[in-house]
Structures are given as C-alpha cells and as structure tokens.
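Novice: One letter stands for each residue in the lines below.
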Amino acid sequence: MGNGNDQPINSNSSDNPGDIERDRVEANTSASASPPRKSVKASPKNASKSSRAALSARLKRSKDVELFVFDETDQGDENTSPLVDVSTIDLDVDTADSQPKQQITLKSEQGRLLLLLPSSSTTSFAPSEWEELCQQLTLRLNSGDRFLQPNTTVHLIARDRLLDGRQLQEIDELLSAAQLHMKRVYTQRRQTAVAAVTAGYSVEQNTKLDHFNQSPDAGEALDAPLYLQATVRSGTEIRHPGSIVVLGDLNPGGSLVAAGDIFVWGRLRGVAHAGSEGNADCRIMALQMEPTQLRIADKVARAPEKPPAHYQPEVAYISQGSIRIAIAADFAQLPVDTP
Amino acid sequence: MAMNRIIVVTSGKGGVGKTTCTANLGMALAKAGKRVVVIDADFGLRNLDLLLGLENRIVYTALDVLAGECRLDQALVKDKRQPNLALLPAAQNRSKESITPEQMKKLVRALSKAYNFVLIDSPAGIEMGFRNAISAAREAIIVTTPEISAVRDADRVIGLLEANDVKAMRLIINRLKPAMVEAEQMMSVKDVQDILAVPLLGVIPDDEQVVVSTNNGEPLILGKELTKAGIAISNITRRLQGEKVPLMDLSAPKESFFKKLRQLFT
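Note that the protein sequences, when read in sequence, are chains S and B. Going letter by letter, the first sequence gives residues 1 to 339 in my numbering. Going letter by letter, the second sequence gives residues 340 to 605 in my numbering.
Derived by calculation from the structure, the hints in this document are not laboratory data. It should be emphasised that the depicted structure is a prediction, and the values quoted were computed from it without experimental measurement. Treat the hints with care, as some may be off.
Claimed, not checked - Mimicking DSS-like on lysine-lysine, the simulated pairs with C-alpha atoms at most 27 Å apart in a straight line are:
1) K516/B - K445/B
2) K452/B - K516/B
3) K417/B - K452/B
4) K417/B - K306/S
5) K306/S - K563/B
6) K419/B - K370/B
7) K529/B - K516/B
8) K506/B - K445/B
9) K306/S - K419/B
To be verified - According to the in silico footprint, chain B covers these stretches of chain S (three or more CB under 8 Å from chain B):
10) 82–90
11) 226–239
12) 299–312
Glycine included, every Cβ here is placed at the ideal spot set by N, Cα and C.
Bound-form chain S, shown alone (with noise of 0.2 Å):
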C-alpha cells in the first residue's frame, strides 16, 4: 500500500475473524481416547443417589467433611455413543419469530419528527421489547437533544403494532421530557386508532403508509445520518440503515451496525460494523481506534496484538480482501484502491 502507513490486522472471512481456529472437530470414534473412569467410592452409600435429608443425617454423624467422588455408576446411563462432528449437527430451529432486531427511528420530514415503530411479525408487545423500546428511545431523544428543536410536532408511526392508553402515555411522556409534542397517531389497526383517541390524539386508521414501511423492496437507497451524542456502553447496540456519527465513546460489549459509515468522534473499543447490507466500500473511523473487533460488510478483523503506542485518528477499510487500519491523515492521500 501506498505509503506504507497502513498497518494490516487481522482479518478473514465473516465467520473468522483473524486468527481465530476454527478446525473441524475430531470425530472421537474409540472407547480408548478417553480414559476409563477409575471405580472410586468416596462412601459405601452413593452420595448422590442417597437423599439430601439421609446424607444430612450421615453428615451430622460424621466429623469430617465428606468428599465426593465420581465414580462410573453415577452416571447410571448406557448411552455410549461416540463424539460427533459439531459441524455436521444440524439444529432444526425455527427461524420464523426471529427476525433481524429492528429498532424504532426518528426522522424529520417537512419540520415534523416521524417516530416508526419496529414492525414485527407479532402485533402487539412482549413486555420485554416494549421495555427495550422505551430504552432505545430514551437513548435517541438523549443523545441528540441539541438538535430537537422544542415544541417540535411528533407523529407517531405505528404501522401494524396494538398499542393501549398506558403505553401511547408512556411514549408522550418520553417524548415531553425532550419538549416534543406528540400530535398525531398513523395506525392499521382500529384498537389502538381507539386508545389514541381516546388519549386526545389525532389519529389517521387505515392509510396504507407505503412511504412509511421500509419494506425489502422499497429501495437501496440509505437513510439520513444517524447522528448521537452519547456513551454507547455494553449491552447497547445500534442499528441505523444509513451511517453513524457518535459524538463519544464505544465502550467494550456496545456495538453499532451502520448500513454505511460509521464514525466514532472518541474512543471505539467496542464491535463496529459497517456495511452491514454489504457494501464493502464503507468505512469507519475513529480519533482512538481500539476496537473488540471491527466488520466492514462481510470481513471481520480483531485489532493488532500490540496496542501503538499512542492513538491518533484512524480509519478502517477494506483493501485487498480484507480490512486495514490507516491513519486518518495519510488516508485521504492513499492512492484509491483497485479492486
């Protein structure tokens, strides 16, 4: 590469991130790979045969501790089948509940805020997703604060979703906190086109909403920025089908999925994934790069063994088949890649 200030780390195809073994596991087909249990009684009475109330009684005669020891007959089971391959066991799991995460977006359109709701295949809301939801939300209204004008009018995009009285309120009140003002309610479903009304919205039932569905088909095309001011700690993950800016770190365990770039003004040590519909030409950068591990479209790469000896702004992109880790300052003077 150009001049010679990009460092290669390690990378590999999506399920192999560097260096990462992945051999195939042995099929142990001999009795004799694994030694033979040796026939030890710790005590005349199998210990975990005998009952707990008969084993406490033994215990508050004896004076010693009592140790146990395994021995052959525990495991009381003739099933003497040889290790398999764990890449031929085949888990017949149903995929139709488990659907790619959505998350709820905000945009602006025409001075409005349009707050979607995820869609999903079951209409109304585990418990737990309505909790993440609310967290998700939380976290958007906080973090981009400084750009949501007060007393902006928020129309809410339910789509399909049952929402009741209780949970329409807690979304206003999320909303309020950030001075926005939730006006209107678009719904398919004559429940929840009921609650809104009842809570004083005004509400529109019925609209087909095609603009407002993001389905499969609707396009390529990547949304608008997604742009935060926050600390994305462990356990939170981002998706956004356009690019990431965050103003702040990416703690170790957080992760950010960006259809696009992503780009992190503060320290990322987390998962950063761009790309992620598999556009191989996006990038993410970082002022201090030291990442869990870094995904461009389908590569995948740890960061280098030996942290630099001290950080400077970096960018990450593939080149030759996998990703490399430029300074940010020479980037823009690499020459541009052939493929």
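Start from chain S and add chain B according to the hints.
Specialist: Structure of chain B alone, referenced to chain S:
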C-alpha cells in the same frame, strides 16, 4: 463408558465465582484431554468470554444459532491455547427472556453429542436465565462462599434444582480464608456442609491471583506455577473425572505469624 456430562455451574448469589470456576474447570478438563464446551447462559451480562480472553473472537452467539443465522459450529469460539476447549457465547444485547428453556435444551443436547463435557455458566438469581441454564443439565455444581448470604442463596438453588430433577449436585466452597476460619470469624467448610448437605467437590482458598488472571483473560489453571487456588481447581477437575483426591491442607501457616511477630521485635 459413561455418557457425556452436562453440568450447570450455579450459585444463586452473584459474585461468588461461578464464571471463574466455569472458565477454570473448562480449561482444566480440556487440558486433561477431554473435549469441553463452555456455554455462557448469562444473556445480557456475559462475562465468560472475558475470563477466557476470547471476547474479540466472537462473531456469532447462541441466539444467532437459534435464529438460524449461522450453524452451531460457526458460533463456537475455539480456544487458541487449548483446542479441546470451545465457548458458545451469549448475546450481550438481549435480555434473558430472549431464549426459552426448550431452545436451551436443544442447543445443549446437540453439543453434548460432540463434547465430553458441556459446562453451563448460569447467571445469578433464580429467574428466567437460571431456569434456562438448568433446563438441560444432568448435574450441577453449586458454588458458594463461606458467607451466610451466599449459603442461604445456595440452599434455595439446591431446592430448585431438586425440584427440577437435577439430582446429582456437588458443592464448591470458594474463597475460603483459612486464617479467618481458625479465628472463628468465618464459616468453616463443615459449617457450610451442615447447612447445604451436598457432597463436597472441593474447597478453593481465597487468592488474589484470581483477580489478575481474570483481568488478563488467562484462567488461573494456565499458570506455570499453580497457586493454592490453582491446585484446588486442578484437584476438583480430577475429582470430577472420578479420581479420589484428598482435600488439600488449607490450614493457615503458623510459622509466618511468628516470623511476623519476630520481625516486629527486631
């Protein structure tokens, strides 16, 4: 030939050393030539990957397997230092409700076909995460510290395990301070056993080195010279495999006390 072992490591109370025990036992069993997979059942607050130093190798998690997004073997992270050891990581960004006991069973049963030992690291508490962790287990290792609260919680967990038909239970008493026991300031092994009445698998003395190894992602058992805690774990591993190993003498070295005393006067 015995069937492959499915063991849940649980405690009730948090912070008593479940994950540390799981990581070290897994590593020690693998060192002994067994094929071992450790499963992090602590969805939402995963730690096992950190203790094993494997965090940056995780691409898929158990949830991705269950969602059909990857094959089971793709989600397994193999340990570079010990190829007999694999980790099935938990998802960090989901709640404990995102997986059901049935799904857990399916995963564990499948893994038990390919590994001699399946060790399941249970989350603290007795809620959904715990129920998931024990759902597929055939045996349980109860970890407790010699403290009233930890023992109380362990007792509750033992009851729940019995109710869920996990009858083969063994006890590890962790972080024992022999000097304090001698001064009758801490519950003794006997005290703990009197309450819990579960066969003892081993006693691990308190050891500052554990903190170091945790922070380095290097299980204690990998150390060149084993500390007392490391020896205790290695003994436990041997007992797990059916060997008869006497309990280590943990009594506090008395001479050092006199030495200190002497030093005071010189």
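Novice: The structure should be examined with respect to each hint, and the outcome stated for every one.
Specialist: Results for each hint:
1. K516/B - K445/B: Since the Cα atoms of K516/B and K445/B sit roughly 40 Å apart, the hinted pair is violated (cutoff 27 Å).
2. K452/B - K516/B: Between K452/B and K516/B the Cα gap is close to 40 Å, so the pair fails against 27 Å, i.e. violated.
3. K417/B - K452/B: Given that 27 Å is the threshold and the Cα spacing comes to 17 Å, the pair holds.
4. K417/B - K306/S: Holds - the C-alpha atoms of K306/S and K417/B are around 21 Å apart, at most 27 Å.
5. K306/S - K563/B: holds (23 Å)
6. K419/B - K370/B: holds (13 Å)
7. K529/B - K516/B: holds (14 Å)
8. K506/B - K445/B: holds (20 Å)
9. K306/S - K419/B: Within the cut-off at roughly 17 Å; holds.
10. 82–90: Per the Cβ count (7), the hint holds.
11. 226–239: holds (count 4)
12. 299–312: holds (count 3)
The structure shown violates the earlier hints numbered 1, 2.
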